[in-house]
Every structure is written in C-alpha cells, then in structure tokens.
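Enquirer: In case you want the letters, here they are:
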Amino acid sequence: MKQDADNLLLLLVGGVLIKMVVDGTSLRYVRPGFAPVLLTAGLVIVVLAIVAIVRHLRTPDDDAGAPPEDEHASHGAHAPRIAWLLAVPALTILVIAPPALGSDAVEAGTPRPAPVVADALATAALPPGDAPRLTVTDLVARMAADPTGPATTHDVSLEGFLVPARSPRTGTDLARLVISCCAADASPVRVHLAATELLAPTPGDRDQWVLVRGRVVHGTGTRDDGYVPTLAVTAIEPVAAPDPVYEY
Amino acid sequence: MTPAAPSSPGMRAARPGPPTSLAMYGGILVVIIVFRDTVVALFDVPLLRRASTVFVAVCVQAMPFLLLGTLLSGAVAAFASPELLHRVLPRRRSLAVATAGAAGVVLPGCECAAVPVARRLVGHGVPDGAALAFMLAAPAVNPIVLVATAVAFPQHPEMVAARFVGSLATAVGVGLLWSRFARPGWLPERARRAAPVPLGRSRWSVFAETARHDLLDAGGFLVLGAAAAAAMNVLVPPELVDGLAGQLVLGVAVMAVLAVVLALCSEADAFVVASLSALPLLPRLVFLVVGPAVDLKLVALQTGTFGRGFAARFAPLSFVVALGCAVLAGLVLLPTGGTLP
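Residue numbers (our numbering), protein chains in the order written: chain A, 1 to 248; chain B, 1 to 341.
Rather than coming from a laboratory, the hints here were simulated on the basis of the structure. Here the structure is a predicted model, which is why all the values come from computation and not from measurement. Certain hints may be false.
[Claimed, not checked] Computed footprint of chain B on chain A; a stretch qualifies when at least three of its residues, placed anywhere within it, have a C-beta under 8 angstroms from a C-beta of chain B: (1) 124-135; (2) 139-149; (3) 152-166; (4) 207-221; (5) 229-236.
[To be verified] Cβ-Cβ distance ranges computed for the label pairs, FRET-style: (6) B:L250 to A:A240: 42 to 48 angstroms; (7) B:D44 to A:P242: 18 to 24 angstroms; (8) A:R55 to B:G125: 46 to 52 angstroms; (9) A:P150 to B:R308: 41 to 47 angstroms; (10) B:Q155 to A:T135: 20 to 26 angstroms; (11) B:P335 to A:D23: 46 to 52 angstroms; (12) A:H154 to B:V34: 54 to 60 angstroms; (13) B:D44 to A:P36: 29 to 35 angstroms; (14) A:Y248 to B:P237: 35 to 41 angstroms; (15) A:D130 to B:Q247: 22 to 28 angstroms; (16) A:P132 to B:P90: 28 to 34 angstroms; (17) A:A240 to B:A80: 21 to 27 angstroms; (18) A:V47 to B:V151: 53 to 59 angstroms.
Just so it is clear, CB atoms sit at the ideal spot from N, CA and C, and this is done for glycine as well.
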C-alpha cells in the first residue's frame, strides 16, 4: 500500500512538471531555456514511478514479507512521511498557480538593484526603425556604458509596468523584473519617466503594463542616479501583459 | 491491488495498514478541490503571493538537479563497485580528500545534486572526509558556475579565480578536518547502508530503485529548505544591503548570513551579487563561497540524508571554514584585497 502511495506521489510531481512546460506556466518561475530540462526531469520521474508500479504489480508475492523485502519495507517506511511534502509544491501549482512576480516585488521586497553589464552590445548602434523596441535591461546597460549614446537623440520604445519612483525621487518609473536562474533571484530594472503628469500607477492589484515611447535625457543613467535613466516620454499607451513577463 | 497473503507461522500477513496514506491523499485532494476558491482567496495577500511564487520557483528549479543527483547516486550504487572506488582513490587519507575535492569539477549543477551522490559514496566505503569534500566542491567549482561568475563580473576576472580557490579550499579543508577530528558516530550507520534491494535483481533495477528511493528521501527536505528560503526572500528588507556599502567587516558578516538564508543556486548567485555594485568585492566573494557550502536548502537535505546530529555539526563547520577561506582568498587574490567595489 505504502509503495503505491509513494509512486502516485512521484507521478503527481512528474506530471506537474510536464504540465507546467506544456502549458507555459513554467515561465512564471524559471527561464524559457530551462523548459526542456524540466520536461525531461518530469518524464524521467514519471518513468521511474511507472517502472516501480509495474514491478510492484508483477511480483505481489514480495509483499508476503520475504526477509530482504522486509528490510526494504521497514526502511521504506522512513521515506514517505516527509516525502509527502513533495505534494506541497505540486498542489500549490495546480490549485493556487502563483502568478509571476510583478510590481509588488519591485516596490516592497527585492533587496537588489538590477545587474548592469556594460559589454559590447551596449555600445552597438540602435536597431533600425522609427522608435525601435528595446528591453529595459538593454537600455539601462547602454546608458551605463555611454550616457550620451544614441538613445538620447533617437526615440525608443519600452514595455513595462508602472511603479512609484524610488525614493527620494517622486513620480513614476517604468519597471521590469530580470531573472538569471529562477524567480527567487528576480531583480528590478527601472527607467524614470519624465512628463508623468499624464500617468501614475493607480492603486490596485493589477500591474499596469504600458508601452512608452520617448528619448533618454542626456547624461542620466549613470552611477549618480543609481543607473536609472530618465526618459522624456512622448507617447504612452496601455498594453496587455507580455508572456513571458520577465526579462533575462 | 495486492491479494491478501495467506498467513502462515513465521510470516506476517499483509497488513492493511492505518487509514492508508492513499486514503489520506485522496481526502486532502478532495478537500482542496472543493474549497479551491477559498484557498486561492486566502493567498491573495501580496506577501503570501510572492512567497508562494518564490517557493514554487525554487522547488521547480532545484528538482531536475536533485533528480540528476539521485540518478548519479543510483548509477554509483548499481554500476560502480566499492572495489573500483578504492582503486581510484589514493590510500593516504589527506590525498583522498584532495582528489575528491578536485573531482567536484566533473559534477555540474546545483548543490542539491551532490548530497545523494555523497551518501552513496559513503555507502560504498569511500572515506567520509573524501565524500564530504566532493559534496562541498561539486556545486561550487564546476565549469558552469565558473563561467557564470566570469560572465557576471566582466571587469573583475579575478573573482573567478578567488571563488574557485576559496571553494576548493573550503571543500578540502572541511574534508581534512572531518577526517582528522570527527568521531565515528557523527555520520550515522543508516546513512552508510547500501541500496536496500534484494540480490538477483538486474543492475538497471538496482539503479532505478535506488534513484527512486533517494528522490523520495531527499525531495521532502528540499521542499522544506525551499519554503524557508522563500520566506527569507520576502522578509529580508532592502535597506539591509543598502546600508552596508561603507563597512567591510559588517558587510562580510551580513553577506555570509544572507548566503545561508537566501539559498540561491550556485549558477545564479554570481549575477545577483554582481548587481550589488556599491558593495566591496570581498563581502560579495564571501557570499559566493559560503552559499554553495551551507544554506537552508543544503542543511535541510543533509539533515534528511545524514541525520540531525550530522547537520548540527557539519553546517557550522562548513560555515566557519567557508568564511575563513573566502576572506583569505579575497585578501590574497582580489585587487586591494577586495576592499573596494
């Protein structure tokens, strides 16, 4: 009996991992590149459980307590009790489906400002187009590398959600969350929005996702302002939350 | 379902067991499904929501690596004979520890993978100190971690060397100290037991059964560690790190504790710590060396695998040695001893 329950537990865990990859909810917690690894892990766990179930069904006389199995059964009795905790994340995903981190993570919790990696990309020319789309991370990195770069003379478009500006500043920022490994290391990247009489994040649970267009104010985005460039906004429109929600 | 075994003298009848885990399982599931909306509403508090997202993320991220570790431990149990291991490791205790530490380079992945493998190595007669040195080295000195560190600190390549030296020194140091000073009872006998599978089964069967068994054994503890890490993640105030910029000793101490409490994966911690641009390099190095050696996830896994008595001694030991090795490596290898950002 105990064996069956253990194997069902493993089936649940493996099944949930597979489900997460197939319906895309894994993107709320880990990077897209990790999905094949998760899928493989889920399949292997399911296979291990099925192999055990099949073997258990095929050799029922082992339950009669032959000496080697007795030791196995009594040793196996240790594992299940705390192994039941494995059901907790599986059920959490199935029942509660915790949402991706959003503006409350930016404002209230994460102790880390965004990584700033000034590499060759940062000094490359802007992508072609009238107001090319950049990731917030990309823009922050470019400004950190060169505060007089092309984004100060050419419009760019950014997508993000609104948060109150980081004190001691007032106003509104556009933010995204960047993850390196999983949601546990999520760090915010921000761009301060000038001309914010037009907008302020309204209180409420939903993140306000917007697409803004504008030009970076010359000389911002340096160490002095904590690598938060100021964008002079020329246009803003609400958009639906993108999927995946994080930048990488 | 299994048929009831015929009772006979000397053999226990198949017992139906307490209202079995299966029934409990089904019962809980029904309750949750029926009250789903209430449960979801309960979790709508931002703090709980974030904590549950982080909790799930840590579990999901770690699970494939734990599985990898249990598959490897299954492979060790099924395909590597104790004789083979004895031949491969040098006779001298101290050399065996050093070799095991260096062998950590070959096991890429999270610290979760190393614990089941170490347990199997011990079961196969590898000296305790060597197995523990391997367990500490593998998560910290493997190529993936070193590359991640190099990418995260493009302007400070010496961080990679400092991390490598500090972590290897920690692994070998703890291994040697344990070999020299640990009493036999500190690593319980039950941890040394070989895979509990009857003779006559095929190797693949031993492999699968060991992996499955180790996964169940360790999985629950991983979840426990993940829950603790998630709680810490949402409760640690941002101001804590901001205020450390000027103070070296306090910075080192706080980063060491944070490394234990935040339980980040060794592949990702370099990026997290690289973003703390106001902090000097030394406290950041301390975070990188202490984290893979001892953190909440690891302590939970080690408690489950080797027992509470072991963890109560091993965790403080690794913490102190890791801290010391990190500080020494930093003072020697980092520019200006790591006292500047």
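Enquirer: Run every hint past the structure and note whether it holds.
Expert: Comparing the hints with the structure gives:
1. 124-135: With 0 residues in contact (Cβ-Cβ under 8 angstroms with chain B), the coverage given for the stretch 124-135 of chain A is violated.
2. 139-149: violated (count 0)
3. 152-166: violated (count 0)
4. 207-221: Violated: only 0 residues of the stretch 207-221 of chain A have a Cβ under 8 angstroms from chain B.
5. 229-236: violated (count 0)
6. B:L250 to A:A240: 42 to 48 angstroms: Given range 42 to 48 angstroms: holds, Cβ gap about 45 angstroms.
7. B:D44 to A:P242: 18 to 24 angstroms: Since the Cβ atoms of D44 (chain B) and P242 (chain A) sit about 23 angstroms apart, the hinted range of 18 to 24 angstroms holds.
8. A:R55 to B:G125: 46 to 52 angstroms: At roughly 28 angstroms between Cβ atoms, G125 (chain B) and R55 (chain A) fall outside 46 to 52 angstroms, so the hint is violated.
9. A:P150 to B:R308: 41 to 47 angstroms: violated (60 angstroms)
10. B:Q155 to A:T135: 20 to 26 angstroms: Given a distance of about 22 angstroms, which is inside 20 to 26 angstroms, the answer is holds.
11. B:P335 to A:D23: 46 to 52 angstroms: This hint holds: roughly 49 angstroms between Cβ atoms.
12. A:H154 to B:V34: 54 to 60 angstroms: holds (57 angstroms)
13. B:D44 to A:P36: 29 to 35 angstroms: Holds: the Cβ-Cβ distance is about 33 angstroms, inside 29 to 35 angstroms.
14. A:Y248 to B:P237: 35 to 41 angstroms: violated (26 angstroms)
15. A:D130 to B:Q247: 22 to 28 angstroms: At roughly 49 angstroms between Cβ atoms, Q247 (chain B) and D130 (chain A) fall outside 22 to 28 angstroms, so the hint is violated.
16. A:P132 to B:P90: 28 to 34 angstroms: Given about 60 angstroms between the Cβ atoms, the range is violated.
17. A:A240 to B:A80: 21 to 27 angstroms: About 53 angstroms separates the Cβ atoms of A240 (chain A) and A80 (chain B), which means 21 to 27 angstroms is violated.
18. A:V47 to B:V151: 53 to 59 angstroms: Between V47 (chain A) and V151 (chain B), where Cβ atoms are some 34 angstroms apart, the hint is violated.
Figure legend: structure checked against the earlier numbered hints; hints not met, in rising order: 1, 2, 3, 4, 5, 8, 9, 14, 15, 16, 17, 18.
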